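Whenever a hint applies, use it, and build me the whole structure from the sequences.
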Amino acid sequence: MNHIWMIIIFVAYLCIIGYLGFRGYRATKSATDYMLAGRKVHPYVMAMSYGATFISTSAIVGFGGAAGVYGMGLLWLTFLNIFLGIFIAFWIFGGRTRRMGLRLDAHTFPELMGRRFQSRFIQGASALIIFLFVPLYASSVLIGAVKYIASQMSMDYNAALLVFSAIIALYVIMGGIKGVMYTDALQGTIMLFGMLVLLIFTYSKLGGVVQAHQSLTDLADMVPKSLQEKGHQGWTSMPEFGGPLWWTLVSTIIMGVGIGVLAQPQLAVRYMTVKSGKELNRAIPIGGVFIMMMTGVAFIVGALSNVYFNNTVGKVALVASQGDVEAIIPMYVQSAMPGWFSVLFMLTLVSAAMSTLSSQFHVMGTSLGRDLVEESLGRKKGGSGMLATRIGVLSGILVAVYLSYLMEIKLGKKGIEIVARGTSIFFGLCACAFLPMYVGALWSRAITKAGAIAGMMSGFFASLFWIVFVEEKAATALMICEKIFGTPSLGIRIMADGTKVFSKTGPFIWSFVDPLLIGLPIAIVVTLVVSRFTKKTSGEHLDLCLGTK
Amino acid sequence: MLGIEDGWVVLVYLLCIMSTILCLVWGIIKWNVDDPVQEPDEEIRHWAEEEDRVESEL
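Residue numbers (this note's numbering), protein chains in the order written: chain A, 846 to 1394; chain B, 116 to 173.
For the record, the hints were derived by calculation from the structure and aren't laboratory data.
Note that this is a predicted model, so its numbers are computed, not measured.
Please note that the accuracy of each hint is not assured.
Said to hold, decoys possible - Listed below are the simulated SDA-like cross-link pairs for lysine to any residue, each with C-alpha atoms no more than 20 Å apart in a straight line:
(1) A:K1123 / B:R160
(2) A:K1123 / B:D149
(3) A:K1123 / B:V152
(4) A:K1381 / A:F966
(5) A:K1120 / A:L947
(6) A:K1294 / A:D1066
(7) A:K1123 / B:I144
(8) A:K1075 / A:R1338
(9) A:K1123 / B:E154
(10) A:K1120 / B:E166
(11) A:K1070 / A:G1087
(12) A:K1120 / B:V169
Unchecked claim - Sample of chain A residues lacking proximity to chain B, with all beta carbon distances greater than 10 Å (derived):
(13) A1011
(14) K1050
(15) V1055
(16) L1189
(17) L1251
(18) A1291
(19) G1331
(20) T1344
Cβ coordinates follow ideal geometry from the N, Cα and C atoms, glycine included.
Structure, rendered in structure tokens:
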């Protein structure tokens, strides 16, 4: 489709978003209005609004591209996202988090933890972790959207990054960060329709469900040699058990994100801002269908793009995209789908990016303003909290944009799934630092303030140590280990002839084991052991928190 | 099965569909079921007013 038309449709879309944002803001003026005045929100609007916040471009372009490399085994992540991230999260975690948030008058995740364990340190430290690492996740979302725009508009990556960042900044200034329901609902609708069309087109183009899968199975011989050596056995098979690729797929991409989703600060905030328990129950079917239609479709289409590229250019997806993992989905959409769909899909991705980025900027702003400056440092008066909140949002945007620029320069086109890894590092860190404390806060009377602090810090630092010094791709990219110890990772020995030898213990190839598998068990054990020997929380406070008085 | 060779991938393909159905069935059954524990209105009012203050800073 002509670029002029693309730009016209894109600008029209932004105008509609702006108009809806304005109207939506007027319709649901405040939390007081929504929660107390009995204002009705149409279930469809509510449904699509939930859906839009669940999923980002990171999932579609980043993880979809990763599925083009690893194959349909990535669907384990979809399953974990639906079962743990939606069903268990909303059913088991949602109600308790909402009630505790109300009882403790908590409005952010760090505040909830800080008040539950009566510790300003917990509130400040968790806010700092969120503030420092959310930009990594936000940049993954940005890269996903920018790569698609750059590919569709035949623009340079940096120019597309600049344009899209300006749009995001404008969106934030217009009030988009407040998560206006009508805007989210439109974005959710576009996303759902876009992905549905993509699935139907792909399966029908490749001869139907079974035939498409069979063609992908038959491509096993085409797996690039470098991937075969790491244990790749074809795109409809899991990688060889215990091989480097198996560890990356299972421990980093599937478990890192699949388990990390339970301890996402922005999701915990979502539980607290619902009107009643009814909304949490209603979010389950909507979230389940949405995750399936977004990640499930992206992973299936990502894997099947290998068949399409093989049929048309005689190459598999990663070779066709010249080693650029995030370019697989954009290239597929551009060449396999009709012109009008490219525009629809661009709107799908921009919608997904905007809704997720606004929740990320929201959490960065409140972490710095409310949690760190107002509560943890005790500076409530004089407007310093508001100033810090705005600085938090602004610096979050700037750092995310800079990281998107830097990561593309350093890691782009090297066959590395930047977006998937950036996302999984953030999710893994959240799980290691927050999950044991969060579970303890909601269910246990035995976890003490000291236990929560020790667990959070040990989980965070163990995970960070693993990222900086051991995990192959991250440690190599950061080069800190190289400078201190003269080796790219403590799990790798460089022999005299320059070959790499990976340290192994049984099935564990240490430099391919994800930080989550190290940090989370350490955090759980430390939380339990320290809680066993330290001062218990008063029964009165526990009764208030857990609603048992 | 389904044109997929590896049993683990077939299993997860089906698990994705089944977990989505589980979510749908749950939603249909529990659509109007509220939290068994209701917080006092005063607590909700106080929370909502504070939430408005947090939002206003953004």
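For the pair supplied as a hint, A:K1123 and B:D149, confirm whether the alpha-carbon distance does not exceed 20 Å.
4 Å, holds
Check the non-interface label on A:A1291: least C-beta distance to chain B beyond 10 Å or not.
Given that every Cβ of chain B is farther than 10 Å from that of A:A1291, nearest at about 22 Å, it holds.
Holds or violated: A:K1123 and B:I144, Cα atoms, limit 20 Å.
Within the cut-off at roughly 11 Å; holds.
Is the hinted pair A:K1120 and B:V169 satisfied, with a Cα-Cα distance of at most 20 Å?
17 Å, holds
Given the proposed pairing of A:K1070 with A:G1087, does the C-alpha separation stay at or below 20 Å?
18 Å, holds
Measure nothing beyond the straight line between the CA atoms of A:K1123 and B:V152; if it is 20 Å or shorter, mark the hint as holding.
With Cα atoms ~12 Å apart, A:K1123 and B:V152 stay inside 20 Å; holds.
Holds or violated: are the alpha carbons of A:K1123 and B:E154 at most 20 Å from each other?
Roughly 14 Å separates the two Cα atoms, so the pair holds.
Report holds if the minimum CB distance from A:G1331 to chain B is greater than 10 Å, and violated otherwise.
About 40 Å separates A:G1331 from the closest Cβ of chain B, which puts it past 10 Å; holds.
Are all C-beta atoms of chain B more than 10 Å from that of A:K1050?
Holds, because the least Cβ-Cβ distance between A:K1050 and chain B comes to about 15 Å, which exceeds 10 Å.
The output says A:L1189 does not contact chain B. Does that hold with a beta carbon cutoff of 10 Å?
23 Å, holds
Holds or violated: A:K1294 and A:D1066, Cα atoms, limit 20 Å.
Violated, at about 56 Å.
Evaluate the condition: distance from the CB of A:L1251 to the nearest CB of chain B exceeds 10 Å.
27 Å, holds
Of the numbered hints stated above, those contradicted by the structure are hints 6, 15, listed in ascending order.
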